[in-house]
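Trainee: Heads up: the sequence shown begins at 918 in the working numbering, then just goes up one per residue.
Don't read these hints as lab results, they were simulated from the structure. Remember, predicted model here, so these are calculated numbers, not experimental data. Don't take every hint at face value.
What the hints assert, rightly or not - The following label-pair restraints were derived from C-beta to C-beta distances:
| no. | residue 1 | residue 2 | range |
| --- | --- | --- | --- |
| 1 | C1043 | G996 | 13 to 21 Å |
| 2 | E1002 | G965 | 14 to 22 Å |
| 3 | H1037 | E935 | 14 to 22 Å |
| 4 | W1014 | N922 | 31 to 39 Å |
| 5 | E920 | S999 | 12 to 20 Å |
| 6 | I975 | P1026 | 13 to 21 Å |
Think of the CB as a built atom: it goes at the ideal place given N, C-alpha and C, for glycine as much as any other residue.
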Amino acid sequence: MLEINSETVCRLIALAHEFHGQEAVVIPEVPDSPSGDWAVQMLADHTGDTTFQEFKSIIDDLDPDQQQQIVALLWLGRGDYSLEEWDDALQEAADAWNEATAEYLIAHPLLADFLDEGLHIHDLECD
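Please model the complete structure; the sequences and the hints are all you need to start from.
Mentor: Here's what the structure looks like:
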């Protein structure tokens, strides 16, 4: 069961649409760096972007368990897990959690679609 406010997820979806809709945003499909911090490195050019800053602020203000739910929701919407495997997705998100959650999330060009689909799977939707 999703325990994060769906309005928060909907705001993140709107911000992800806005961020990825900008012409200057280019996110490689295959990371150039094998290190786990490729998303942080790639997004360094966008630190002055107000949309990115708002997105990051919302994520950073969430408790780690809420951040993990957003990541699990991304994976659910992407098809990595089914609703029946929700607890497994949450456990993997907890195991992988770090302070770069916002960067990890926004580095997915289809983030908004995946989060929206994840909400839909939970029988929730944005207005």
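Trainee: Any hints from earlier that this structure breaks? Give me their numbers in increasing order, please.
Mentor: 2 and 4
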